[in-house]
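Q: Listed below are the residues making up each chain.
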Amino acid sequence: MKISLTVNGAKEDVEVDGRLLLAEVLRDRLGLKGTRIGCLTGDCGACTVEFNGELRKSCLMLALGADGEDIRTVEAAGEPLDTLRSAFVACHGFQCGYCTSGMMMVAADLLTRNPHPTAEDIRVAISGNLCRCTGYDTIVAAILKASTSSGDENGCDCRT
Amino acid sequence: MIAHPFQYAAPDTLDAAFAMLAGRSDARVLGGGTVLVALMGLGDVQTSLVLDTRNLPLSGIQPRHDGVSIGAAASYNAIEGSPLVRDTAPLLAHVCRQITGGRQITNQATAGGAACYSNPASDIPACIVALNACMRLGSVAGVRAVPAAEFFTGAFKTDRRDDEMLLEIVVPASNWTRFGYIKQKHATSSWPIVTAACLADGEGNIRVAVGGAASRPYIVEILVREGELPSDSARRIGERAREMLTEPWSDALAPAQYRQRIVRPVVERAVKQALDGQPL
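Chains as they are written, first to last, in the working numbering: chain A, 1 to 160; chain B, 161 to 440.
If we strip away everything but chain B, and leave its shape as in the complex, we get (with noise of 0.2 angstroms):
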């Protein structure tokens, strides 16, 4: 049982919503709950009131213009199952797919709640930050469009103001042709330390973004003019991953020390699994 009173609703409107959160800065949004209920049970969160997504109209998946939207409320088994996701969006599939802690959690838990709690070490920033995906946040001023590279704004903060809630998270088609995912942790069932996640043209340019090193996701790119192909892509991104992080992420799972060690590594990884277009 949770030892905190507060209020709960779940409103069926956005509009209702969007009033209800209007004026109250300690809300909490209840997205599918493995992070939100698990803190409240612990003390660690207390709010006066818990809005829940759960009737809302936030678990679609739709394509948009070339791309796709992924509701706030969509679960990771709902993400990773879209055909429109793996079609469009193949590294965000392949992302979900890897989330741990059973089908249950998996069932129930969120990207846009992952994303809102905006944990370093964890799988959506980092994923969300190499699509150039855009999110879409409302409150009773309107809708707001925050790309995820300024959406995470530090370790457990992003962006979002007290009164919004996230609405969609909708990543635009690309020219990426491959991919690769590299995540460094301790167990099958750990939260990642380091993750990598690799988009690539096959003609040379390349875009990592390096999550849980720093306390927010950072991009390292190669962009190369037509013609040139440099051969070791992979090191000199994993050299320069290293080197363009200054303050490491620190946490229980590993102190900064080795986040610094391990990031150089774990990005060469994740640019050789893309090029090779098969896991290492």
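Isolated chain A, as found in the complex (with noise of 0.2 angstroms):
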């Protein structure tokens, strides 16, 4: 069956198995691996994307189901994704990596809303998301940097 998606702005015209979850055809028919598959049960939150401006866990929808829809990962350009980036990277909010771009997909959303959030605003906005490495003080630490935008790379606090 044939779908028709726009994804991070472009529109995209794929044949899929109808068997096939939406993060598999953005990862294997479309290349975007930032989308990860983790638990394919919802709980671990890894393949969230954004999906008609709403948070989704891909692996959790059919591809068919995504017909006509506008779906934004992870590699998407433009704000607050650029800002969470550069936060991640510089408070260290990751340690394997795996959960990092649902992070950063929640993390975008939420700032999105909410452009001042207090810890506690990230720890519930993360809520569906694990980090096995149970790295999750940096994490919100990145989340609040980027809030915050000071501008300075190496204005970390997360270590002290």
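Possibly wrong hints are sitting among the right ones.
Just a sample of chain A residues kept apart from chain B, beta carbon distances all over 10 angstroms, derived [stated by the list, open to error]:
| no. | residue |
| --- | --- |
| 1 | Ser4 |
| 2 | Thr6 |
| 3 | Gly9 |
| 4 | Lys11 |
| 5 | Glu15 |
| 6 | Thr48 |
| 7 | Val89 |
| 8 | Phe94 |
| 9 | Gly97 |
| 10 | Thr134 |
| 11 | Gly135 |
| 12 | Thr148 |
Chain B is nowhere near these chain A residues, computed Cβ spacing over 12 angstroms in every case [as the list claims (entries may be wrong)]:
| no. | residue |
| --- | --- |
| 13 | Gly31 |
| 14 | Glu75 |
| 15 | Ala77 |
| 16 | Gly78 |
| 17 | Pro80 |
| 18 | Ala119 |
| 19 | Cys133 |
| 20 | Asp137 |
Here are the in silico distance ranges between beta carbons for each label pair [stated by the list, open to error]:
| no. | chain 1 | residue 1 | chain 2 | residue 2 | range |
| --- | --- | --- | --- | --- | --- |
| 21 | B | Phe316 | A | Arg123 | 30 to 36 angstroms |
| 22 | B | Arg400 | A | Asp70 | 48 to 54 angstroms |
| 23 | A | Lys11 | B | Gly362 | 14 to 20 angstroms |
| 24 | B | Asp392 | A | Arg113 | 42 to 48 angstroms |
| 25 | A | Arg113 | B | Ser350 | 25 to 31 angstroms |
| 26 | B | Asp247 | A | Gly9 | 38 to 44 angstroms |
| 27 | B | Thr406 | A | Ser4 | 31 to 37 angstroms |
| 28 | A | Arg113 | B | Leu383 | 42 to 48 angstroms |
Keep in mind that the hints were calculated from the coordinates and are not lab data.
In this text, all values refer to a predicted model and were calculated from it rather than measured experimentally.
For glycine and all other residues, C-beta sits at the position ideal for the given N, C-alpha and C.
Got two chains here, separate frames each, mind docking them using the hints?
A: Here you go:
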């Protein structure tokens, strides 16, 4: 079956097997490997994408259900993802990095809705994302840093 | 990738959807997909037809008489954010706000889907039984209304026939002025083990729906005549909830004995929360 979807602003027509998940089409048909597949049960959040402007877990969606829809992945350019990328690097907001793209998608959604979140707001926002390295403190610090966006790449205080 | 092949349809009229479901007893209706797609991936659900509700007019939340109609495909976020729900059924808004799995899940998952899944260890069944909601089901034979208390027939079982789909959950207006909601679970992100949804009117009338303790929700009530204000309602209802639990549910989350032991305090706390008007 053929589906047409917009991914990061580009129109894509893809011939898909109806049994494929959206996450699989993004990764394996469109080459966007930033979207990760972790649990396939909706627990880990590594597959998080923006679907018509709303966060979704793309491993819980059939690709056919994305026909005609607008998807944004972690590869998308623009704010607040660009600032988040720098902040995650500055604060070392990852260990193995597997959860990072999901964390960044959730953070981008949070900062769009609430540009000045507290650490508690951030912890609630990432509650659907697991970091099995348990590096939550630096992830929260990175999102906080992106929200204040001081521009000082070395100004991270997450180690103190 | 889902191993088993299936046909996929996303009709844009209810009549077309009903026609597809007629005579396809193994068809599955797809709401948000947070349960169905995962189960299909695991191979636990195999179906010849997935009927996606995404093009159907089932996501609305509208006034209905003095109550509110929740479309079967309305997401938890849509329900929680609806001023109409917050006004007419604040308990439901409160329960939706506590659904875990992150904003991704609450954007995607639907209360209607949770009701049709009828997992004892979940929030929605007891909540809508407490609210005396009405489930409206559609098929080629027409629309049928079933009280929520009769809709849940057992663990993962409902009164919905194979050729029917849930259209809306109608929550009637009521005189309840206070509510409490307590759920016992292992961790924030776990499914709830036992839940208690309590409604009270401030005059001594109290209604609690207990979820997760048995295979289907059950009601414990104290209804008083005017002027009678029992002082120990919470304890009495908690004890009655335990007495009524003759066949406790058991699953991977907790054995039956555990549920039997915690049902009284969970119910008591929900009643106290409702009566005190603040979380414990």
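Q: Does each hint hold? Answer for all of them.
A: These are the hints, each one checked on the structure:
no. : hint                                    : result
1   : Ser4                                    : holds (14 angstroms)
2   : Thr6                                    : holds (16 angstroms)
3   : Gly9                                    : holds (21 angstroms)
4   : Lys11                                   : holds (20 angstroms)
5   : Glu15                                   : holds (14 angstroms)
6   : Thr48                                   : violated (5 angstroms)
7   : Val89                                   : holds (24 angstroms)
8   : Phe94                                   : holds (18 angstroms)
9   : Gly97                                   : holds (19 angstroms)
10  : Thr134                                  : holds (14 angstroms)
11  : Gly135                                  : holds (17 angstroms)
12  : Thr148                                  : holds (22 angstroms)
13  : Gly31                                   : holds (17 angstroms)
14  : Glu75                                   : holds (18 angstroms)
15  : Ala77                                   : holds (22 angstroms)
16  : Gly78                                   : holds (20 angstroms)
17  : Pro80                                   : holds (16 angstroms)
18  : Ala119                                  : holds (16 angstroms)
19  : Cys133                                  : holds (17 angstroms)
20  : Asp137                                  : holds (17 angstroms)
21  : B:Phe316 x A:Arg123: 30 to 36 angstroms : holds (33 angstroms)
22  : B:Arg400 x A:Asp70: 48 to 54 angstroms  : holds (52 angstroms)
23  : A:Lys11 x B:Gly362: 14 to 20 angstroms  : violated (58 angstroms)
24  : B:Asp392 x A:Arg113: 42 to 48 angstroms : holds (45 angstroms)
25  : A:Arg113 x B:Ser350: 25 to 31 angstroms : holds (26 angstroms)
26  : B:Asp247 x A:Gly9: 38 to 44 angstroms   : holds (39 angstroms)
27  : B:Thr406 x A:Ser4: 31 to 37 angstroms   : violated (56 angstroms)
28  : A:Arg113 x B:Leu383: 42 to 48 angstroms : holds (43 angstroms)
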